[in-house]
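Colleague: All chains should be modelled from the sequences, with the hints used to inform the complete structure.
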Amino acid sequence: MNAYAGTGRLLRLAARRDRVQLPIWILASAGLMAAGTNAVASEFPTEESRITALKGAGSSAAVLLMRGVPVGTDLGSLVNFRNLATILVVVALMSTFAVVRHTRQNEETGRAELIGAGAVGRHAPLTAALLLVALADVVFGLVMTGTILSAGLAAEGALAFGAACTATGLAFAGIAAVAAQLFQGARAANGFAATAVGIAYLVRGVGDALGERAADGIEVVSSWPTWVSPLGWGGLVRPYGQERWWVLALPLALFAACLVASFVLVDRRDVGAGLIPDRPGPAHAARGLLGPVGLAWRLHRGATIGWVLGGFVFGLAIGSLGKAVKDALGTNAGVIEMMQGLAGGAGGPDVVEMFFAAMMNTFGALAAGYVIQALLRLRSEEVAGTAEGLLATAVSRVRWVASHLVVTVAGAAVMLLLAGAGAGITDAAAGGDVGVGTLALAGLAQLPGALVVAGFVVLAFGALPRLTVGLAWAALVVSIACGLLGDLFGLPQLVRDVSPFTHVPAIPAVDPSATPLVALTAVAAALTAAGMALFRRRDLST
Amino acid sequence: MTHAISATGLRKAFGRTRALDGLDLTVATGEVHGLLGPNGAGKSTAIRILLGLLRADAGDVRVLGGDPWRDAVTLHRRLAYVPGDVNLWPNLTGGEAIDLFGSLRGSLDKARRGELMERFQLDPTKRCRTYSKGNRQKVALVAAFSSDVELFILDEPTSGLDPLMEAAFQQTVREVTAKGATVLLSSHIFSEVEALCSRVSIIREGVTVESGTLAELRHLTRTSVTVEAGEPLTGLDRLPGVHDVEADTTRARFDVDSTALPAVLAHLATFDVRSLTSQPPSLEELFMRHYGAQPAPTEAAR
Chain A
1 MNAYAGTGRL
11 LRLAARRDRV
21 QLPIWILASA
31 GLMAAGTNAV
41 ASEFPTEESR
51 ITALKGAGSS
61 AAVLLMRGVP
71 VGTDLGSLVN
81 FRNLATILVV
91 VALMSTFAVV
101 RHTRQNEETG
111 RAELIGAGAV
121 GRHAPLTAAL
131 LLVALADVVF
141 GLVMTGTILS
151 AGLAAEGALA
161 FGAACTATGL
171 AFAGIAAVAA
181 QLFQGARAAN
191 GFAATAVGIA
201 YLVRGVGDAL
211 GERAADGIEV
221 VSSWPTWVSP
231 LGWGGLVRPY
241 GQERWWVLAL
251 PLALFAACLV
261 ASFVLVDRRD
271 VGAGLIPDRP
281 GPAHAARGLL
291 GPVGLAWRLH
301 RGATIGWVLG
311 GFVFGLAIGS
321 LGKAVKDALG
331 TNAGVIEMMQ
341 GLAGGAGGPD
351 VVEMFFAAMM
361 NTFGALAAGY
371 VIQALLRLRS
381 EEVAGTAEGL
391 LATAVSRVRW
401 VASHLVVTVA
411 GAAVMLLLAG
421 AGAGITDAAA
431 GGDVGVGTLA
441 LAGLAQLPGA
451 LVVAGFVVLA
461 FGALPRLTVG
471 LAWAALVVSI
481 ACGLLGDLFG
491 LPQLVRDVSP
501 FTHVPAIPAV
511 DPSATPLVAL
521 TAVAAALTAA
531 GMALFRRRDL
541 ST
Chain B
1 MTHAISATGL
11 RKAFGRTRAL
21 DGLDLTVATG
31 EVHGLLGPNG
41 AGKSTAIRIL
51 LGLLRADAGD
61 VRVLGGDPWR
71 DAVTLHRRLA
81 YVPGDVNLWP
91 NLTGGEAIDL
101 FGSLRGSLDK
111 ARRGELMERF
121 QLDPTKRCRT
131 YSKGNRQKVA
141 LVAAFSSDVE
151 LFILDEPTSG
161 LDPLMEAAFQ
171 QTVREVTAKG
181 ATVLLSSHIF
191 SEVEALCSRV
201 SIIREGVTVE
211 SGTLAELRHL
221 TRTSVTVEAG
231 EPLTGLDRLP
241 GVHDVEADTT
251 RARFDVDSTA
261 LPAVLAHLAT
271 FDVRSLTSQP
281 PSLEELFMRH
291 YGAQPAPTEA
301 AR
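Going down the list, the protein sequences come from chains A and B.
Going by the working numbering, the first residue of the first sequence is number 1, and it counts up by one from there.
Going by the working numbering, the first residue of the second sequence is number 1, and it counts up by one from there.
Worth flagging that the hints you see were computed from the coordinates, not collected in a lab.
None of the values given here were measured: they were computed from a predicted structure.
Treat the hints loosely; a few may be bogus.
Now the stretches of chain B that chain A is said to cover, found in silico as 3 or more residues with beta-carbon under 8 Å [claimed, not checked]:
{"#": "1", "stretch": "53-66"}
{"#": "2", "stretch": "82-95"}
Computed from the model, here is a short list of chain B residues facing chain A with C-beta under 8 Å [claimed, not checked]:
{"#": "3", "residue": "Ala72"}
{"#": "4", "residue": "Val73"}
{"#": "5", "residue": "His76"}
{"#": "6", "residue": "Arg77"}
{"#": "7", "residue": "Asp99"}
{"#": "8", "residue": "Leu100"}
{"#": "9", "residue": "Phe101"}
{"#": "10", "residue": "Leu104"}
{"#": "11", "residue": "Arg105"}
{"#": "12", "residue": "Gly106"}
{"#": "13", "residue": "Thr125"}
{"#": "14", "residue": "Lys126"}
{"#": "15", "residue": "Arg127"}
{"#": "16", "residue": "Gly230"}
Glycine included, every Cβ here is placed at the ideal spot set by N, Cα and C.
Modeller: Structure (structure tokens):
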């Protein structure tokens, strides 16, 4: 058991490092869950009201795509339908980031070398990371179960809900453990694992959206894609809908398989190394690299290409649904209302246009995610010390921040344009008539929303460098929760106005109008300018 | 004499930690100035203030006649910096990083770059993530010395280099100073400082405790003397300025304050001296005296 020597100590170290972060993930989810449960109970107190809501929701491919499938009409089923898909994403991300943080990130920063030189076995760091995350996942599940129970719902469903969370978290911990062995950088490993979460969500969504209506007109039976997605399994356990406990074996089996794979990989590679060796590169810099913008492009290139391609593929997938939405929904008033909600409350008679308007908001959120992860590079460069070397040359602080902004904004613009165009292409191929140009512009219209998020990140970076990372991701959560989902959550207009995406016109459901877009851009510019001014006045800090 | 760097009364606190507590530093144009001090004395903090990366809480600082915080960009065109902990972008090659730094600074001598690459035996085609500490330092050194600037600020630039590379470094520093450049060299390697620096400043707990030429600093300290005579040596321990006498009748070993040396020599001349060796204090001893078990000077000042 020498390979595991020191695991206990490392586990305590990891727990100490995460003593704030993990509880925040778990408690925030519990808050979300409690709010969601109470909202359902107060909004749909009677079975009749629930049936009406579920009939409407279940007939909307978009709602199924985002929410999963309804499994029954009692209160618990509605709590499941409303919350499970989202909560599973949260637990998946929590697990992924935590595993990478305690494995690859340690190696990248050289901490693992110090640790490995101590009386610590080769398997100990990975084991400690996985134990910590497994513990966090179990606590996460228990807290979810407790939250639902405290609302007075039945125990079996609450247990199934919690177990689904725990098992899903474990599955993604396993995926992250393998990614951490394969990739040399923590960012790359995080990127891979987070992309895996995104793809799993999309595959699960498509499987649910294509699901078959059950005979009662309420339940929807997921189609096969849901069964191959690790984020689909949680829903397939069916909390509060004749629980299918055996499905829990799927995420647990994936976890076990990933465990074996990651430990085999640990034995086969050196500390710090990935599996793909480095080849020699150019001895001289190309002309394109020789400037702050050139360097920023070089640093963002890989991630940007990935996000742009991902956005395009996502657009293609969304576009292919347009025709189906039209055929399936017709003029169902409940669905139209739901869709209006997703589209930010915009009115309009055409359900397909409304569907696309709702999806454009999703593209906007995607662009915001890209912008945040790209601009956080400013902070990671500062912490890593590369910013120090750069700013000791004749590059001003403003120019340095601007170089990253230029690349990021251009990347977000191209991504939105291609995502919209992608939706237009597949819609046209399926016989839709919304138009590639219209949807491409509708995508691009989301850019000012993403710019405001970018401005906020720069402001956070200038004002509170040590909190930048947390504030930036919180901004994404707020802009999605208040903007995209604000209407569905029944938030008051004042709160929804906080999100920049609330103010983006819901093209193509409504006519484009320049005023809000110009206003958003102005806000973004003001935030950015304030952030830069503060950054010019502060010390570099690590 | 013009000053490339002049700082007086620099103060900088990080929260409750006082990193600099009234630091003075003057570097004349054209000299190689050594900056010595134990770990945590505030050397790197001082250097970061000189570069405008940190802002001093109090005190005056001028670098090449400008304000390093306000005029950072224009000053940075005229200076090159090698940090103690060289951090590079992992996915760039060493060659790319050197060209990039040169271009961002605004000057890169291609011929010089090739010459230095040869001298420091650096493989420019490797990715920065695969470089060792020493090799990352070589990248920063080649990048700095390939540029045509007036001032070099070097923060422990050779801590990861082997002795051969150390020699190459010293040669390079002499080349740039021969052309009139100024060098501020923070270092823990005494031989390097003794070989290169015309003046040194010793800092401790954020204040300058000594500053001057090596000769001046030696003057402030003690010379150790070993003497052997044909007759018993007497009266040594009664002389002012003589310390730590170890004597057995005809032989003695003692330390003497540099100021008391003439009187001691006059006293020794009255004996039948057979051999006499005297050793000026090494920089290391000087250093130890300031680092050593003395109470912190700041305590007395407060």
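Colleague: Each hint needs a verdict: does it hold in this structure or not?
Modeller: Now for the hints, and whether the structure bears them out:
Counting residues of the stretch 53-66 of chain B whose CB falls under 8 Å from any CB of chain A gives 3; the rule of at least 3 is met. Against chain A, the stretch 82-95 of chain B contributes 11 residues with a C-beta closer than 8 Å to a partner C-beta. That satisfies the three-residue criterion, and the hint holds. A cut of 8 Å between beta carbons decides the hint on alanine 72 (chain B): the least distance to chain A is about 7 Å, and the hint holds. Interface restraint check for valine 73 (chain B): the shortest CB-CB distance to chain A comes to about 5 Å, inside 8 Å, so the restraint holds.
Of the supplied interface hints, the one on histidine 76 (chain B) holds, with its beta-carbon coming within about 4 Å of a beta-carbon of chain A, less than 8 Å. The interface hint given for arginine 77 (chain B) is met, as the beta carbon of that residue sits about 4 Å from the closest beta carbon of chain A, less than 8 Å. Interface hint at aspartate 99 (chain B): satisfied, since its Cβ lies 4 Å from the closest Cβ of chain A, which is below the 8 Å cut-off. Evaluation of the leucine 100 (chain B) hint against chain A yields a held restraint, the C-beta minimum of about 6 Å falling below 8 Å.
For phenylalanine 101 (chain B), the suggested interface contact is upheld, since its CB lies about 6 Å from the closest CB of chain A, less than 8 Å. Using the Cβ-Cβ criterion of 8 Å, the hint placing leucine 104 (chain B) at the interface with chain A is satisfied: the shortest such distance is roughly 4 Å. Taking 8 Å as the C-beta contact cut-off toward chain A, the hint placing arginine 105 (chain B) at the interface holds, the least distance being around 4 Å. Against a cut-off of 8 Å between C-beta atoms, the interface hint on glycine 106 (chain B) holds, since the closest Cβ of chain A lies about 5 Å away.
The restraint placing threonine 125 (chain B) at the interface with chain A holds, with a minimum CB-CB distance near 4 Å, inside the 8 Å limit. A least Cβ separation of about 7 Å between lysine 126 (chain B) and chain A falls short of the 8 Å threshold, and the interface hint therefore holds. Taken as an interface hint, arginine 127 (chain B) checks out: its beta carbon lies about 5 Å from the nearest beta carbon of chain A, inside 8 Å. About 59 Å separates the beta-carbon of glycine 230 (chain B) from the nearest beta-carbon of chain A, more than 8 Å, and the hint is not met.
Hint check: a violation occurs at hint 16 only; the rest are consistent with the structure.
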